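Trainee: Could you slot chain B onto chain A? The hints should help.
Order-wise, the sequence lines are chains A and B. Numbered per the numbering used here, the first sequence spans residues 1 to 495. Numbered per the numbering used here, the second sequence spans residues 1001 to 1121.
Check the hints yourself; a few may be wrong.
As the list claims (entries may be wrong) - Using 25 angstroms as the maximum straight-line C-alpha spacing, the simulated DSS-like pairs for lysine-lysine come out as follows:
id	chain 1	residue 1	chain 2	residue 2
1	A	LYS401	A	LYS324
2	A	LYS311	A	LYS401
3	B	LYS1011	B	LYS1027
4	A	LYS465	A	LYS382
5	A	LYS311	A	LYS324
6	A	LYS465	B	LYS1011
7	B	LYS1027	A	LYS311
8	A	LYS465	B	LYS1027
To be clear, the hints were calculated from the coordinates, so they are not data collected in a lab. All figures in this text were calculated on a predicted structure; none of them were measured in a lab.
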Amino acid sequence: MSTAWTLPNGCGELSDLVRTYDWGGTPLGPIADWPQSLNFAVSTLLLSPVPIVLLWGEDGIMIYNDAYSGFAGGRHPQLLGSKVREGWPEVAEFNDHVMRVGLAGGTLSYRDQELTLNRYGGPEQVWMNLDYSPVFDESGRPAGVIAIVVESTERVLAERRLRESEALFRTLAQGIPQLVWRAGIDGACIWSSPQWLAYTGQSDGASLGWGWLEVVHPDDIAAAQIAWHDASVSGHLSYEHRLCNAAEGRYRWFQTRATPVRDGRGRIVEWLGTSTDIDDLHQFQERQQVMVSELQHRTRNLLGVVRAIAKQTMAVTGPGERFKEQFNDRLSALSRVQGLLSRSDQEPITLRALIETELAALDAPALRDRIRLDGPVVRLRKATVQTFALALHELATNALKYGALTTPQGRLSVTWRTCASEEGRRLLVEWVEEGLVREWQIQQPVTRGGYGRELIERALPYALKARTRYELSDTALHCAINIPLPEGEATGSTA
Amino acid sequence: MTAPAPALTGKRVLLVEDDYFIAVDLKTWFEEGGAQVLGPVPSVDEALALIAGTAVIDAAVLDINLQDELVYPVADALQARGVPFLFATGYDPASVPSPHGAVALCQKPIDPQVVARTLFG
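Here chain A stands alone, though its shape is the one from the complex (with noise of 0.2 angstroms):
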């Protein structure tokens, strides 16, 4: 029919295939033969860089170009010629579809369509933009489709990579505890993450720009400006500062730090950051301030006690081995309570805990059924504990020695209670020694009572503010001390 067309010469490829393919063996017949419909939808594809493919006839007899045999892969070139449902079979439905709506004069569009090629032997998943739109014959009858194949794959896959890494920093940036968020260089907010809006109690919005100031202490303020300030110079942000909690409706100390993140010619165009609560390790620091200075005091203190007890232990033994063995005696109880007092803030003391632990040092087991205490559980105040310990300690080493203790049929109670009286809750504690020998009393009137005695008619009144009463007879020692309770010595169950 047509006579004056030929192919482009030396266009590429697929060109020359064309050219020489054997077209007399396929519904198209010899190239010779072909329609000018055909034959100008051919030579247009042919020199477009674009991939494309023309599909002609009812069995779409495929021609395509060079950009598209770079897209078939292992499937050229015997995809040429060949009909594209026997070419592409993986897809054959989807050109049946593609074959009806273009041979009835209508376009189809797909943007990322995701199909199944094989193309290197394997299946593979792959993206395309396919745009498929008719072509008509001499009498006006769609005869073919042309359609422009362009790969998308690496592209969505590269967007799904990224979106994949976004989803992995929010899941990083949302559930790590620390407040994570993105500034502008001069510090203005852009965006902060779900954390910092559950700590601050602000609105979606309402920390962008300066509104983050709002919620920093007024103290800490300047601090902050001045270290966004530095930090556009030093390339590095990191300041502490209080920032308000909603739930708590207090502020909490927090470490702030970013790093600047740069464009390609390395000048700072964002900052990411995070703020960390670091208030419990503020109190914690700060509470051990306290303890190291209560500390220092409770030493210094206590060496004042120990010098002021060496003094008047002598004052009554004289130099020699009796003031030995009662000073270290005293040291002894001294060391005892401040052990008591090491443990105190896990341990709370005890009424009984500390006349326990004076009992108990006097090292004789034997004595325990012939001793008795009884009373509810009450906490003792750390600043009363030393000088109650002391007078104890006193009060038992004279029981053990010249008291109820050293008889067979001697007794020791200890019975404590508290009460309610008009000046406060009081704590009421007898110290009772029955089955006294006389004749002691008789050998040692002085030494019986001595330092115990002072301890508990003055010591006691004196730092504890007690009433007490000491009454030895002959058969018995009746000790009563009597102490205010305030806040702080609590009583509990009978322990």
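Mentor: Below, chain B alone, put in the same frame as chain A:
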């Protein structure tokens, strides 16, 4: 050798100290030196009452930390009367608030001779 302590004879010295043993120790020492000891007392209330009821006080030694309270109201009362006083404390001097007009701040355990020199030297 330290210089001999200045004469305490007849000086009326107020002692505020909550620890019985230290209080007795100080009292003994001041009395041995010839001073007349006012107190000792262990609390702010008792110290203020004693100050109010005493016509002449020559000096005072104040323990800063009394069980559950600080001695500063006593310092204020003494300052108002122009009585020289010094603080005795177990705390580090750096952690003690401004001295409320005290003559000096002595770290425990205090040396009575230093106290005497500081107050009357």
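Trainee: Determine for every hint whether it applies to the structure shown.
Mentor: Hint-by-hint comparison with the structure:
1. A:LYS401 / A:LYS324: Measuring from Cα to Cα gives roughly 16 angstroms; hence the hint holds.
2. A:LYS311 / A:LYS401: This hinted pair holds, its Cα atoms lying about 23 angstroms apart.
3. B:LYS1011 / B:LYS1027: With Cα atoms ~13 angstroms apart, B:LYS1011 and B:LYS1027 stay inside 25 angstroms; holds.
4. A:LYS465 / A:LYS382: With Cα atoms ~15 angstroms apart, A:LYS465 and A:LYS382 stay inside 25 angstroms; holds.
5. A:LYS311 / A:LYS324: Holds, because 12 angstroms separates the two Cα atoms, which is no more than 25 angstroms.
6. A:LYS465 / B:LYS1011: 28 angstroms, violated
7. B:LYS1027 / A:LYS311: 12 angstroms, holds
8. A:LYS465 / B:LYS1027: Given that 25 angstroms is the threshold and the Cα spacing comes to 19 angstroms, the pair holds.
Hint compliance for this structure: hint 6 alone is broken.
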